[in-house]
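My request is simple: use the sequences and hints to build the entire structure.
First to last, the protein sequences are chains U and R.
Going by my numbering, the first sequence opens with residue 823, and the numbers climb by one from there.
Going by my numbering, the second sequence opens with residue 823, and the numbers climb by one from there.
You may find that some hints are simply not true.
Identical copies carry no separate label here, and so any pair may be met within one copy or between two of them.
Unchecked claim - Quick list of in silico lysine to any residue cross-link-like pairs, SDA-like style, CA-CA up to 20 Å:
#  : residue 1 : residue 2
1  : Lys876    : Ile828
2  : Lys876    : Arg889
3  : Lys876    : Ala858
4  : Lys876    : Arg911
5  : Lys876    : Ala836
6  : Lys876    : Thr893
7  : Lys876    : Phe857
8  : Lys876    : Ser829
9  : Lys852    : Arg830
10 : Lys876    : Tyr887
11 : Lys852    : Gly840
What the hints contain is simulated information worked out from the structure, not anything from laboratory work.
Listed below are the residues making up each chain.
There are 2 protein chains.
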Amino acid sequence: MTRLDISRAAELLADLPGWRCEDVRGGVIKRELVFADFAQAFGFMTQLALAAEKRNHHPEWFNVYNRVDITLTTHDVDGISMRDIEMARLAERIHQALSAS
Amino acid sequence: MTRLDISRAAELLADLPGWRCEDVRGGVIKRELVFADFAQAFGFMTQLALAAEKRNHHPEWFNVYNRVDITLTTHDVDGISMRDIEMARLAERIHQALSAS
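Written as structure tokens, this is what we have:
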């Protein structure tokens, strides 16, 4: 597991609109998502929670009604790793699938 | 639905250690919970989410790994109502059931 510097992480997030890097706590990536309602927002969280548990790589997230704010970082490298980029990609896939339904 | 003043809400929370009132946004009640691990924390969230959806009264919450921070308020009364107290009681029952398992 290698720590990505912020500029490299930003490059990797170029295909994931809405995601951004922040230079706090060694580096984090963040996204705010909005869903149709609470059921859809919590459905998203449940899908991502199962994947997070399987990978043993968990998000920090805040939810109120139809909004989910996610922050990803990798404590083992004290910053951003490919595990965060992969989780962001997965979150986008789940979000798009739910939004299309 | 009636708005409870902060002191009345605090009285009602006397039986719910860990819960406190804060005089922000017309009044909120809050609690930080710690679980054994992420699976247990998200299990708690899932149980409370189903009840919240049924009651159409949703929490604001933050989760990272085994920690869940919950804030309850009632937008319709711009403060705390009995619906928040009841959700707090339910959250405690779920928390205690999971902690005992």
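Verification of the supplied hints:
1. Lys876 with Ile828: neither (26 Å within a copy, 42 Å between copies)
2. Lys876 with Arg889: between (24 Å within a copy, 18 Å between copies)
3. Lys876 with Ala858: between (27 Å within a copy, 17 Å between copies)
4. Lys876 with Arg911: Result: close within a single copy only, 16 Å intra versus 31 Å inter.
5. Lys876 with Ala836: Result: close neither inside a copy nor across copies, 26 Å intra and 39 Å inter.
6. Lys876 with Thr893: So Lys876 and Thr893 pass the 20 Å test inside one copy only (18 Å; across, 28 Å).
7. Lys876 with Phe857: For Lys876 and Phe857, only the inter-copy Cα distance (18 Å) is at most 20 Å; the intra-copy one is 24 Å.
8. Lys876 with Ser829: The answer is neither: 28 Å in one copy and 44 Å across copies each exceed 20 Å.
9. Lys852 with Arg830: Within. Shortest intra-copy distance 15 Å satisfies the 20 Å Cα cut-off; inter-copy 39 Å does not.
10. Lys876 with Tyr887: Classified as between: cross-chain Cα gap 13 Å, same-chain 26 Å, threshold 20 Å.
11. Lys852 with Gly840: Cα proximity of Lys852 and Gly840: one copy only (8 Å, versus 30 Å across).
The structure fails to meet hints 1, 5, 8 from the earlier list, while all remaining hints are met.
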